[in-house]
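2 protein chains.
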Amino acid sequence: MATNAPTRVKKLYNDLDDIVPESLAGLAEAHPDIVTVDTAQNLVLRAGGPKRGKVALISGGGSGHEPLHGGFVGAGMLDAAAAGHVFTSPVPDQMEAATRAVDGGAGVLHIVKNYTGDVLNFQLAAELVAGQIEVSTVVTNDDVAVQDSLYTAGRRGVGVTVLLEKIAGAHAEAGGSLSEVTATAIKVNAQGRSMGLALTSCVVPAAGTPTFDLGADEVEVGIGIHGEPGRRRERLAPVDDMAEWLVSPIVSDLGLSRGDKVLAFVNGMGGTPLIELYIAFHSVAKILGGQGIAIERSLVGNYITSLEMAGFSVTLLRLDDSLTGLWDAPVHTAALRWGV
Amino acid sequence: MATNAPTRVKKLYNDLDDIVPESLAGLAEAHPDIVTVDTAQNLVLRAGGPKRGKVALISGGGSGHEPLHGGFVGAGMLDAAAAGHVFTSPVPDQMEAATRAVDGGAGVLHIVKNYTGDVLNFQLAAELVAGQIEVSTVVTNDDVAVQDSLYTAGRRGVGVTVLLEKIAGAHAEAGGSLSEVTATAIKVNAQGRSMGLALTSCVVPAAGTPTFDLGADEVEVGIGIHGEPGRRRERLAPVDDMAEWLVSPIVSDLGLSRGDKVLAFVNGMGGTPLIELYIAFHSVAKILGGQGIAIERSLVGNYITSLEMAGFSVTLLRLDDSLTGLWDAPVHTAALRWGV
Chain Y
1 MATNAPTRVK
11 KLYNDLDDIV
21 PESLAGLAEA
31 HPDIVTVDTA
41 QNLVLRAGGP
51 KRGKVALISG
61 GGSGHEPLHG
71 GFVGAGMLDA
81 AAAGHVFTSP
91 VPDQMEAATR
101 AVDGGAGVLH
111 IVKNYTGDVL
121 NFQLAAELVA
131 GQIEVSTVVT
141 NDDVAVQDSL
151 YTAGRRGVGV
161 TVLLEKIAGA
171 HAEAGGSLSE
181 VTATAIKVNA
191 QGRSMGLALT
201 SCVVPAAGTP
211 TFDLGADEVE
221 VGIGIHGEPG
231 RRRERLAPVD
241 DMAEWLVSPI
251 VSDLGLSRGD
261 KVLAFVNGMG
271 GTPLIELYIA
281 FHSVAKILGG
291 QGIAIERSLV
301 GNYITSLEMA
311 GFSVTLLRLD
321 DSLTGLWDAP
331 VHTAALRWGV
Chain E
1 MATNAPTRVK
11 KLYNDLDDIV
21 PESLAGLAEA
31 HPDIVTVDTA
41 QNLVLRAGGP
51 KRGKVALISG
61 GGSGHEPLHG
71 GFVGAGMLDA
81 AAAGHVFTSP
91 VPDQMEAATR
101 AVDGGAGVLH
111 IVKNYTGDVL
121 NFQLAAELVA
131 GQIEVSTVVT
141 NDDVAVQDSL
151 YTAGRRGVGV
161 TVLLEKIAGA
171 HAEAGGSLSE
181 VTATAIKVNA
191 QGRSMGLALT
201 SCVVPAAGTP
211 TFDLGADEVE
221 VGIGIHGEPG
231 RRRERLAPVD
241 DMAEWLVSPI
251 VSDLGLSRGD
261 KVLAFVNGMG
271 GTPLIELYIA
281 FHSVAKILGG
291 QGIAIERSLV
301 GNYITSLEMA
311 GFSVTLLRLD
321 DSLTGLWDAP
331 VHTAALRWGV
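Chains as they are written, first to last, in the working numbering: chain Y, 1 to 340; chain E, 1 to 340.
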């Protein structure tokens, strides 16, 4: 081997170009009862094809956020997901193909995280099927960290996307019409907010080096899910303090107060182990408990990630009986499963 | 702050001494319907107390392997888990307390990973309740990497432990007697083998520095779950090759051949994101498919970890109808849930 031969990035892959299709192939091989995969177009499709008369939900975006979105395809959640290259939007043809593949005659909801490329490409896909398939779109923009960012006009779409896919998916499974399911999705986005922080950067495989540099005692507060900068850098601190940095802006922005009920979602960025995420959840529970805000439901784990970045985000969703019931409804995907 | 003040380790925690109890507290707060926690003794107990007439299953060991074991407490799996400090065996008093807490009159199965401290301390606990509670013990020793290791006489207990807790737990839930459930547990251990590799070390919080050094292009093959050395060091390679390094010794040791059916478990060591684990699963599926070995069931994710270590392990369990049926039975824990 020549001494100037390119170094392999220290990750589990064969060739850089095959990372996304091989990961999707593995998803389908591990869960043949839940999904099928089109590795030519990098689509994850619900096994068994479109459900006649059911509103179909599709989402998609850059890869590197797994299990989002492919791990959320299945009964009670998404009908399809379109995967782009790592941290890169899928192209409109992929969303168009996904839309056509899942249409069961009752319309298709596009769930789009607010990043310029995703928004534009989903919009183009909707135009490509206009007059043939009724498409409704909801754009998530729940990140309170920054108003505009490197990749967005307006707030970024992050953790609420997971909760929205579950809740709107349950409404569609229960027979909601396209306008009803869309209204539920809009409501979830309106009632949920998120913020995250990073302890380390991630390494995009094709780049081979960390996306940003962070000192041994520095934390990036308000990080985006692609390593884009946050609000500020802070000195490393006890997790109780770090949780406060995230929860306070969310509680304030949502206008939560004593007696309110929430779903509390503590999400790992990919490289933070569960032992730490549960410590962070304990911090969040103490903060909310001190303010008389009741955690009625919870989710803890790595669900919307940034490759192997270390850190966590907090998402709070204001609950009512309707949303709680839809959250509790059965779901059968690779990454979220209960009731079946 | 003095310039020689100790540096905080870059992890989510408050004080080093509180890592385990605060993580367990978070587990209980996130899943009050599934578990209660005794943070004085660091025990995770199935919510609703002992089930009269059901064989109870307990496990335990050092922390840092989450979700193992606390995340596997609940209906259809464990009745209790005892947590030691990070990578340190719990003391016999903890196992004794757990045994007394879960006894429903039908006996208690101790599930012990083969590490000298765990084996000794579970044995002492069993002696402490002798004559009062019938205890049976199964020691897992599924790691084909090394015969003896830094912390064991004989093979280490690793990934099979997860599968055993699920399958034996289902048998107990279905009304199996202590001897029947023990026989099932012994069978799972006998029919399962594992091997893992590390791309990076982990950092034990109290140590603050990596457990071992590994060059940028080096892989530790046959790693243990505490960062203890493996069989050999290799140059970083495509994941197809790395999967072969793990699958071949397992297939050979188990004597698997064309037509055999297995559960294939690709486990992350804590810091490897899901996008990579599914690529690794795809490699394993290709290797087994090429040998005519059928993957009947699968599990992919971070289930028995080494803090934030990057890498993966493969576990294969030879299936028959009985084991498959017990695997498919309902389970309701924080980390594994289906059918309920």
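Calculated directly from the structure, the hints in this document are not laboratory data. Quantities reported herein were computed from a predicted structural model and do not represent experimental measurements. Incorrect hints may appear among the rest.
The list treats identical chains as one, so a pair stands whether inside a single copy or across any two.
[What the hints assert, rightly or not] Straight-line Cα separation of at most 20 Å, SDA-like style, residue types lysine to any residue; simulated pairs:
#1 K10 - F212
#2 K10 - G131
#3 K286 - E29
#4 K286 - P92
#5 K10 - D213
#6 K10 - V203
#7 K10 - T211
#8 K187 - V91
#9 K10 - P210
#10 K10 - R232
#11 K286 - D15
#12 K10 - A237
#13 K51 - F212
#14 K286 - V146
#15 K286 - N14
#16 K10 - G339
#17 K261 - E29
#18 K54 - A25
Now for the hints, and whether the structure bears them out:
1. K10 - F212: Both. Shortest intra-copy (17 Å) and inter-copy (16 Å) distances satisfy the 20 Å Cα cut-off.
2. K10 - G131: neither (48 Å within a copy, 54 Å between copies)
3. K286 - E29: between (41 Å within a copy, 10 Å between copies)
4. K286 - P92: Classified as neither; 44 Å inside a copy, 31 Å across copies.
5. K10 - D213: Intra 18 Å, inter 14 Å, cutoff 20 Å: intra and inter.
6. K10 - V203: Result: close both inside a copy and across copies, 9 Å intra and 18 Å inter.
7. K10 - T211: Cα proximity of K10 and T211: in one copy and across copies (15 Å, 18 Å).
8. K187 - V91: neither (28 Å within a copy, 50 Å between copies)
9. K10 - P210: both (12 Å within a copy, 17 Å between copies)
10. K10 - R232: For K10 and R232, the Cα distance is within 20 Å only across copies (18 Å; inside one copy 29 Å).
11. K286 - D15: between (45 Å within a copy, 16 Å between copies)
12. K10 - A237: Between. Shortest inter-copy distance 9 Å satisfies the 20 Å Cα cut-off; intra-copy 29 Å does not.
13. K51 - F212: Close neither inside one copy (44 Å) nor across copies (52 Å); limit 20 Å.
14. K286 - V146: Classified as neither: same-chain Cα gap 25 Å, cross-chain 44 Å, threshold 20 Å.
15. K286 - N14: between (44 Å within a copy, 13 Å between copies)
16. K10 - G339: neither (38 Å within a copy, 38 Å between copies)
17. K261 - E29: Close across copies (15 Å), not inside one copy (39 Å); limit 20 Å.
18. K54 - A25: neither (27 Å within a copy, 41 Å between copies)
Going through the hint list in order, the structure does not satisfy hints 2, 4, 8, 13, 14, 16, 18.
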